[in-house]
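Spelled out, the chains give:
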Amino acid sequence: MRVRPEFSAQTLSVLAVMCEQPSQWRHGYELAKRTGLKSGTLYPILVRLADRGLMEARWQEEQPAGRPRRHLYRLTPDGLARASVAVTVAKPSPQPVRPRRRVAAQA
Amino acid sequence: MNGVNRAMAALLRWSMLVMPAERREWAEAVWSEAAEVPSGWRQLSWLAGGLRMTVREAALARRLRYPLAFAAAAAITAWTAWSGPPGNAATTINRVDVITMVVVLATLPWIVGRTRGTVSGGWLARLVRTGGYAAILALVLVRTATRRVADAPPNNLGGVTSAWMGEAAYLVVMTGYVALILVVTARRSPADRSTVATGVAAGSALGIIAYALGPLGFPLRFTGSGPVSLYDAALVLGVYLAVSAPLAAGLAAGRRGTRSDPAGSGVRQGSMAGLIIGSAAALVVAVLSTATIALLPYDTWLRQWASSHIGHWTPVAGHWTVLGPGTREGYVAGNSAFAAGYLIVLLLGPLLGCALGAWGARSWRLLTR
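One line per chain: the protein sequences are A and B, in this order. The opening residue of the first sequence carries number 1 in this note's numbering; numbering runs sequentially from there. The opening residue of the second sequence carries number 1 in this note's numbering; numbering runs sequentially from there.
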């Protein structure tokens, strides 16, 4: 029986971006640009990741002039550990190199 | 931000109100991030995505499920009840009826919520509220269908003024029913959970029995001594049940009240139990019977069955002409009279139930003193 993966392909794409520099806080629009996901898909993913304790969220501390404060996201240590494994497993593994048969030499 | 995007941003901010409190932060996050998205289509798409998320989250939280279901049911009822020739009194009354009832059903939860709280947790309150609303919308639908035939000229034998007066009385009574449904299913309900459950179940069963015994509001006529005796026995049993059910519910409520709080709560629970039984029974029988009356002009078999099992089509009253059974005028006038008769049932059912329930509870207190 095929085991259902822990994360969907879209969630994996978000996790992959967040794993790049895990200590850095990221904005929603940046994640949307990097993953190509629309806000209606991206934010439910962020909500579920936060619900599962894999991601932490906070509001920007200082209020930018003329703009609302931004919401920031970062993986938790547990989220980073699980995301790193999931992203590594999901990456297409390189084809194993087969040793050439030295048929001619033997012949 | 252009006008469309500003409107979408405002809609997104407004939609946060229907989201559960713990999720509002996320909708606000989408809204605030929209300021970073280049204006135009991309920003509009961003905001639309946020709106989609809020609707989905709110629906998941059941906040929108019931309002959306009510809006759909109300729209279908209004659309069905709306038709009719313009300038006709029956059409106007039907339109006033459906608009008033939809407004009452939509706004009364807010008014009741301010004093009694929102709907109580658990499936029972939701079931009673949903069932009650469905029954009232169904009654609107079948009443308007009946009126379209019976109260339209030249069949409006009772006159336009009496039709409007009947409609006004009906709207007042039905507002009382909506208020009762909302109050007994609210968080600070005067009736406890078991009183509501017993009352609704017993009342609905009584309503079905009453409908089976007289689907058009009058006793049925049978031929042959066997069916006549059987029907008479069933009638006696039906009357006995109609009296004893609220009385028994009152006794049971009095017993519970004596155990938990002797200071009169038993009598209050008893009267509430009787009120709920009487209201549920009256509502069920009114919906089923009015639906049968509404079908009469369209169903030949039903008409033939009715004319052979009911002795008289029209009561000899006022300026109405006594009409022979089986004629078009006969059943049209009969429809009108029978359908109007259910207003009395809707009014008296709760009052009698309440009185019998209170009497039962008080009797229990006197017996155990």
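Treat the hints loosely; a few may be bogus.
[To be verified] Derived EDC-like pairs (lysine to aspartate or glutamate); straight-line CA-CA distance at most 16 Å:
| id | chain 1 | residue 1 | chain 2 | residue 2 |
| --- | --- | --- | --- | --- |
| 1 | A | K33 | A | E20 |
| 2 | A | K38 | B | E36 |
| 3 | A | K33 | B | E36 |
| 4 | A | K91 | A | E6 |
| 5 | A | K91 | A | E30 |
For the record, the hints were derived by calculation from the structure and aren't laboratory data.
Evaluation of the provided hints:
For the given pair, A/K33 sits about 15 Å from A/E20 by alpha-carbon distance, which is consistent with the 16 Å threshold. For the hint linking A/K38 to B/E36, the alpha-carbon distance of about 14 Å falls within 16 Å, and the restraint holds. Simply put, A/K33 and B/E36 have alpha-carbon atoms about 12 Å apart, close enough for the 16 Å limit, and the pair holds. At most 16 Å may separate the alpha-carbon atoms for a hinted pair to count; A/K91 and A/E6 meet this at roughly 14 Å.
Of the supplied pair hints, the one linking A/K91 and A/E30 is violated, its CA atoms being roughly 22 Å apart against a limit of 16 Å.
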